[in-house]
Structures are given as C-alpha cells and as structure tokens.
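Enquirer: Whole structure, please, built from the sequences with the hints as guidance.
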Amino acid sequence: MRWMVLLIRMSIKNYIGLTTKIVRYNLKIIFAGKFFWFLLAAFGFFAFFMFQQAWNRAEINEGSIYGLLLFPCLLLIFYPVVFGIQNDEDNRILEIIFGIPNYRYKVWGVRMLMIYVANYFILVVFAYVARILLYPVNVFEMAAQLIFPMLFFGNLAFMFSTITRSGNGTAVIMIILGLLFFIFMNANSQIANSYWNVFLNPFSIPDNIHPMIWQNTILKSRLFLIIGGIVWLMVGFLNLQKREKFV
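Those letters in the sequence shown? Residues 1 to 247, per our numbering, in order.
It is possible that part of the hints are untrue.
[Said to hold, decoys possible] Pairs of lysine-lysine residues, derived as BS3-like cross-links and limited to a Cα-Cα distance of at most 30 Å, are as follows:
1) Lys-28 - Lys-242
2) Lys-242 - Lys-21
3) Lys-34 - Lys-242
4) Lys-13 - Lys-28
[To be verified] Derived Cβ-Cβ restraints for the label pairs, each shown as a range:
5) Phe-36 - Gln-215: 23 to 31 Å
6) Ser-204 - Met-234: 42 to 50 Å
7) Arg-165 - Ile-132: 36 to 44 Å
8) Gln-241 - Lys-220: 27 to 35 Å
9) Asn-216 - Gly-67: 34 to 42 Å
10) Asn-188 - Lys-21: 45 to 53 Å
11) Lys-21 - Trp-55: 47 to 55 Å
Worth flagging that the hints you see were computed from the coordinates, not collected in a lab.
Glycine included, C-beta positions come from ideal geometry on N, C-alpha and C.
Expert: Next up, the structure:
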C-alpha cells in the first residue's frame, strides 16, 4: 500500500514538473522576440486614438472606448499566434514537441490559453487607462467583450500558421483578410448592425433598433465568434497531426 502512495506522489510530481516546464517554455515563446514591440505599438496606437478623440472633442462613451481598443486588441494577438510555430521551428524544438503525448493540447493548446489570459489582463490595463483619462467604463466587461473578436481572429491566424508554416506568409494572409472583413462588414448598415459583423460593437446601440433586439443580436454575435474560433482551432489541431509537414 505504501509503495502505491509513493508511486502516486512521484507521478503527480512528474506531472507538475512537466506542466511547469511547458508553462515556462510557452511564456518564453509568447513574450520573447518581437512581442514587446507589438505591445508598444498597440499602446502607441491606443494613445494616439485617445489623443485624437480628445483633440476633436468627439463624443466619448463606452462604444467609442471599445472602438479605440479594438485595433490594439488584434495587434496584441498578432505576433504570438502568427509566429508561434515558426519560432518553434527556428529554435529546432518541433521534433521534441511532436514527441510529447497529446502535444497538440499540452503544448499549443496550453499556449493559446495562456496567450488569451495574458492579453485579457493587458486589455484590462488599457481599459483602466481609458477609464482614468476619457470615460468611466467597466474595465473587466470591456476586456471580456474584446476577447471575442480576439478569439476569432487569433484562432483563424493559428489555423493559417499551421497551413503556411510561415509567420510572414500568415501575416500577409491575415492583413488581407482583416481588410476584406472590415470593408465588407461596413458596406451597409444592415450588415454592420447584424450578428454576422465580426467587428460588432456591443456598446454602440443603433437608434433604430429596440434594446431587447440589440441584446439578442449581441448574444448571437458572441456565439458566432466563439463557434468560429473553436472551428479554426480544431482545424489547426488537425493540421498539426501531419507531422511530416513540419519536421
């Protein structure tokens, strides 16, 4: 009986040790390289947009704060997701990763989760700055609403990175897709105010829509973004099964 307890303790200790190593490695991948510059760029754009709003004396409310944070939000997710696999390849550790049981979930699944959690708290800080300087918003709700488009585009970028296996190639695809999405979604008011709009601003209520209908639209929009994000993530995981493409 005693040896079983020791065996269980050793198994738990080994599991914790492996998990700690995976977390440390993913933290290095997420925050190493050019992420700091993307973080500075995101805050720079955010500061510029805030200054522009204040200079033009534009009406400031929760909807305008969401709009100010949307581009920095997508910029934060860009580098760690788009260049993650390329960084693994450049560091020559893809073969080691593929040797880990259930590597798709233990490595890239954990990494994606850590990216979103880290970026959520960064968005909380950005929203807090906006709360102090511009308008009193609920910083946690604001950051939570921004996570939905971040999840959609982040997992879409992850999927393309498993196809191209190139950070630069994925970056070009995502920039083109982002511009196409933006142009198409704002082509007319019906699309812009529908739940199909991936950039839908939940804090900006149109004048000609009943609040109850708007709440239903927001709910459908968030479900659409979550389902889309899950689909992109699963396709990316399926692509990672083809080891010969990466090694």
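Enquirer: Which numbered conditions among the earlier hints are violated in the structure presented, ordered from lowest to highest?
Expert: 5, 6, 9
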